[in-house]
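Start from the sequences and build out the full structure, keeping to the hints where you can.
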Amino acid sequence: MSKLKDLLLFFSAFLPMYVLILLKLIVDILCQNKTLNILNSINITTLLFLIIAGIVGIIWNVYKCKDKSKEIVVLSVKNTTDQHFLGYFSLFVLFALQLDLTYISGYCTYVLIIILIGIVYIKNSLYYINPLLNILGYSFYDITYKENSQKQESSTRIFCKKRPRIGEKYIVKIKKDNFAFVTKKH
16 MSKLKDLLLF FSAFLPMYVL ILLKLIVDIL CQNKTLNILN SINITTLLFL
66 IIAGIVGIIW NVYKCKDKSK EIVVLSVKNT TDQHFLGYFS LFVLFALQLD
116 LTYISGYCTY VLIIILIGIV YIKNSLYYIN PLLNILGYSF YDITYKENSQ
166 KQESSTRIFC KKRPRIGEKY IVKIKKDNFA FVTKKH
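Residue numbers for the sequence shown follow my numbering, so the first one is 16 and each next one is one higher.
Bear in mind the hints are in silico, worked out from the structure with no lab data behind them.
Bear in mind the structure is a predicted one, so any value in this text is a computation, not a measurement.
Hints are not guaranteed to be accurate.
Straight-line alpha carbon distances no greater than 25 Å define the calculated DSS-like cross-link-like pairs of lysine-lysine that follow [claimed, not checked]:
#	residue 1	residue 2
1	Lys188	Lys176
2	Lys161	Lys184
3	Lys177	Lys83
4	Lys20	Lys166
5	Lys176	Lys20
6	Lys49	Lys161
This is the structure in structure tokens:
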């Protein structure tokens with residue numbers, strides 16, 4: 016079940032791009048720049064599947080998550096949102112503007128690139144690189160913390176809607192050892 020959640024979280028990272036490509040394809044069909052043929056029908060179906068999977072991934076991982084929670088005290092905070100997202104936006108531009116998905120070669124290239132990025136994304140636990148979460152109001156922080164009852168300091172990456180404050184207690188849902196969502200301030 017964890018691998019499925021990881022895959023759906025990966026799909027959610029590209030959700031804005033899927034919407035842009037779908038919108039471009041539909042507008043081209045409506046303006047009669049392209050026809051509604053078998054390949055375009057497959058493209059639309061694939062994009063709708065990926066959009067739905069991405070939405071399910073966000074809901075499941077952020078809002079309906081049953082991952083282990085723990086109480087922490089924040090010792091240091093560094094907002095690193097900007098360091099991780101600019102590379103993704105170049106991929107959005109590549110896909111949304113450059114690939115012509117009305118050709119089988121363009122569609123196959125598109126699918127292959129998504130698969131290769133997905134393998135790297137999941138294998139290296141790059142869950143913190145998710146522009147959709149940023150669009151939804153989350154920022155990404157590297158923090159140093161300690162658990163309430165322990166003296167040992169640890170580090171992690173977290174998504175949080177508001178900047179965590181040093182010395183404050185928070186409840187976090189641990190997604191992976193190096194990645195968490197802040198669920199609420201204690």
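Problem set entry | Pairwise hint evaluation, lysine 161 against lysine 49, where the allowed Cα distance is 25 Å at most | 57 Å, violated
For this session: Mind checking the alpha carbons of lysine 177 and lysine 83 for me, to see if they're no more than 25 Å apart?
Result: At roughly 21 Å apart (the allowed maximum being 25 Å), lysine 83 and lysine 177 satisfy the hint.
Problem set entry | Holds or violated: lysine 161 to lysine 184, with C-alpha atoms at most 25 Å apart | 10 Å, holds
For this session: Assess, step by step, whether the Cα of lysine 176 is no farther than 25 Å from the Cα of lysine 20, and give holds or violated.
Result: 21 Å, holds
Exercise. Holds or violated: are the alpha carbons of lysine 20 and lysine 166 at most 25 Å from each other?
Worked result: 32 Å, violated
For this session: Would you mind confirming whether the straight-line C-alpha gap from lysine 188 to lysine 176 stays at or under 25 Å?
Result: 14 Å, holds
Checked against the numbered hints given earlier, this structure breaks hints 4 and 6; the rest are met.
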